[in-house]
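Q: The opening position of the sequence shown corresponds to residue 659 in my numbering, with each subsequent residue numbered one higher.
There may be inaccurate statements among the hints.
As the list claims (entries may be wrong) - Straight-line C-alpha distance at most 35 Å; calculated DSBU-like pairs for lysine-lysine:
{"#": "1", "residue 1": "1157", "residue 2": "1395"}
{"#": "2", "residue 1": "1219", "residue 2": "1000"}
{"#": "3", "residue 1": "1501", "residue 2": "1463"}
{"#": "4", "residue 1": "1155", "residue 2": "1395"}
{"#": "5", "residue 1": "1528", "residue 2": "1032"}
{"#": "6", "residue 1": "1155", "residue 2": "953"}
{"#": "7", "residue 1": "1337", "residue 2": "1219"}
{"#": "8", "residue 1": "1032", "residue 2": "953"}
{"#": "9", "residue 1": "953", "residue 2": "1157"}
{"#": "10", "residue 1": "1032", "residue 2": "1000"}
It is worth saying that the hints were derived from the structure and are not from the lab.
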Amino acid sequence: MLVLLAVAYVAAFIYTLVSSFRSASRIKVLEREVKALKRMLAAGQPPVATQESLQAEAEQQDAFLGAEGPEKDVAALRPQEQEPSRPADLVAQEVAQDQDVVTETVPEQQTAAATLPPRESFENRLGARWAVWAGGIALALGGIFLVKYSIESGLLSPAVRLALAGIFGLLLWAAGEAIRRKAVPSVTAAYSNAMIPGVLTAAGSLTLFGVVFAAYGIYEYIGPTTAFITLGLVAFATLGLSLLHGQALAGLGLFGSMLTPALVSTETPNIWALFIFLTISWAATAFACRSQNWKIVPALANAGLGLWALGYIGASDIVDLTPPTLALLAMLAGTIFIWPGKAFDGQLQQQESVAETDPPQKTAPARLSVRMLKLAARHPIAISLTASLAAILPAMAMVLTAASTNIHPSFAMASVIAALAALGASRHFAVWPAVFSALGALAIVTLTTRSVFYFSGMITGTDIAPPAVAQGNVGADIAIALGLGAIFLLCSFAFLKRKGEQDPDFALLWAGIAAIIPVWLGTISFVEYGNLTRDWPHAAYGLALGFILIAGAEWLHRQDKDAVYRMPLNLLVTGSFIAFAFTLHTLTDGLATTVLLSVLGFVYVLATRWRTWDALPWIMAIASVGVLGRIAWEPTIVGPQNLGLTPVFNALLPGYGIPAVLAIAAAYQLRNWPENRIKNFLQAIASLMGLLAIAILVRHAMNGGVLNDAVPTLGEQSIYTLLTIGMSGVLMTLDLKSPSPIFRVGSMIAGAIAMVNVLTMHFGALNPYFSGENTGPWPFLNLLLIGYLLPGMAYGGLAYYARGKRPLAYVVMLALSGAALLFAWATLSVRRFWQGENIASWKGFLQSETYTYSVVWLAIGVLLLALGSKFDAKSLRLASAGLVLLAVAKAFLIDMSNLEGVLRALSFIGLGVVLIGIGLFYQKILTGKSAAEVLAESKT
């Protein structure tokens, strides 16, 4: 009884669908006929031929449906005399003409808008799509409820119920196929994501999955092996039917195949059988998607296989890495050769060739960042991303597995990384595999180092070691790290040779990988497992890498395709320098490494005589920055214990001096280089390194041959101030001979730094009046001379030299700084004359000392006024006015209260005389200027 009900239910459903298709076809034919009649009547032509053509079209559609069709309805309208039938393309042309008659008076823009397909209505979406899916779900639930009812009622035995459910599923498959063959093609195109045949087939697949699982898991009619095979057959059959019914059914078949191993469990699982089955499922999905050009289901297949591999490695106590490794390799190989494979690569190349043949647009070329974003979004991005993650995550889990059999974890990981890199190098779409293989290799090699495990053990409080160390295979990890570097280099050149010309952006990415990743992997291996004193294996690796990269750059240069290979070439040249620098660090240390690094950069500068590659000058800049980094890491170059005490002639002289000289020579060598940025940068870094070399030698000599973080003395700081003032003058001179923004701005920065030193150190922390530092026994040749008089004179000379060459405000600041230093020297010298060698503030002031300050300040003011008048320097005259005002303030505020007797009288008498003299002097100057102005006006 239940069987009859189920069959009747399916038959009624199928009959209803077929009837609806027939009715829709008849209505559509009649609508076309009415439109054709209206057109003929409007044109004044007999409608006989049109009726005949419409009848022929109706007969063709009915023949496609397998039914009699609306022949009798149309035959009643057919006249006795008929014209010869016309072909279908003429009928289509007449229908188009009918649209032209209707839209003859409509503007052109509205006519174009009318040809667009109508927007799908809410009723259409609800009735044609959601109803189909809901109906399919209802069918599946109906079968389940039918079986449930029979179980609860006890009408049939379990075997009979399972048999009936299986028959029901097969009937759904058959119904789906029958309706697919009878369906109208236009309906298939319009509702491809909600086709009734596909929904029926999916319902049948779900029913069969449930039957097999119930037979195994509930009633135990079949064993694990039979259940596994049967579920797999249902899944594969669903994948096969998806070729007829769409991608959604393929997703269901894939889900069933990936879920099958989880549904069937045994006490002795066969890992080989598991991953062979998963690999076959993945391959079947790939072949199905290739024939239909699907992109979603392959991404799900990659994710499923990757999750199975990751789950097995992470959940098992003892792992056999061979099956999951081979499965992942098969997945990557299938991505290369099956789908997307070469076919999708051909589609990408075709699109690029079409874009190149389009007429050029007058727009600026896209920036590098925009091009890289487009490269990262290259289709099919879902497949490339899931394939990359499905390979990288299990590879990371492999190397963290200590208990493994048959294969070393590092070798398993390396094989997966190498295959992923090969995928990135073999296909245009595989951008993310190239990126993930490179970054994944760095992350995995780093995670397996001893340092990471050591710090992890410190954090967790456990004593753990990486698998390689625990198994005594450190040499294997070294070989794998260097081997991966060689593989990435090989993949990079393979892509540049085979596909670089057609894909410049991807070629740039691979050139960057070749320049960075191999050296980085070698550096990790050397730091963790190498001999830090002298390591010949790592040195040979770096040397070979550098020569290969420079040879690759030369090969790209000889291709004579600068527009394509310019940036990749420069990246390879830069990578060669990094590789050679790595070799230096593996064979040398200390002073030799610092000097040779700068020499290596200068060699690349010399290469500009033969090659005009953009990267060559910048390599010297990179080398100089590397030297400065080594100096910052170890200022003594050779270590404090190995640094000699001899002033100037010690390791600091070559360690700081040779790189500075080479930087200056490089800047001179590139004086005619067309690019200004690198010339300016080298000029700046040469100036900095030269100043740094002199300063460090002074520091060493002034501190008894010891370099430490102690606060410098006033004498040492004065030398630094004089150096910066001199550097400002040198840069100004260079700017006058060879104008450069670096020289111009650098000279002003050096002068500003010197002024900051004066304000903070000379007048503040290191002032002997505050610090209590002894000034020395000699009356003139003492600490005040080098601390104040010489810097003040240097500032005055620099201000005079900068007149007319630098902004007026900057010149005034230099002059005022010089005047302030001279004022401080005179004032402190007065205090030293009365107080002795130590002029600390705790000694207080003498009356004679206070009076002398007024005399000296007024004398300096008069001197500055005279100099300002002679050189027409307004800044000196302003400084003179400031000193005079200071002397006046001192006389009224300090001398009046502190001085007594004749000293007080002499102080004010002298002040009055000087002020009157200054007033007469200014009157004379102003009178002379007025007369000169009157004379000039009379002449004009």
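Q: Would you mind marking each hint as holding or not holding in the structure?
A: Against the structure, the hints:
About 49 Å separates the Cα atoms of residue 1157 and residue 1395, which puts this hinted pair outside 35 Å; it is violated. For the proposed pair residue 1219 and residue 1000, the alpha carbon gap of about 26 Å is at most 35 Å, so the pair holds. Between residue 1501 and residue 1463 the alpha-carbon distance is near 46 Å, which puts this suggested pair outside the 35 Å criterion. For a cut-off of 35 Å, the pair hint linking residue 1155 to residue 1395 is broken: about 47 Å separates their Cα positions.
Under the criterion of a C-alpha separation no larger than 35 Å, the hint pairing residue 1528 with residue 1032 is inconsistent with the structure, at around 69 Å. At most 35 Å may separate the alpha-carbon atoms for a hinted pair to count; residue 1155 and residue 953 meet this at roughly 29 Å. At roughly 26 Å between alpha-carbon atoms, residue 1337 and residue 1219 fall within 35 Å of each other, so this suggested pair holds. Distance check on the hinted pair: residue 1032 and residue 953 sit about 19 Å apart at the alpha-carbon level, within 35 Å; holds.
Of the pairs offered as hints, the one joining residue 953 and residue 1157 holds, with about 23 Å between alpha carbons and a cut-off of 35 Å not exceeded. Among the hinted pairs, residue 1032 with residue 1000 is consistent with the structure: their alpha-carbon atoms are about 21 Å apart, no more than 35 Å.
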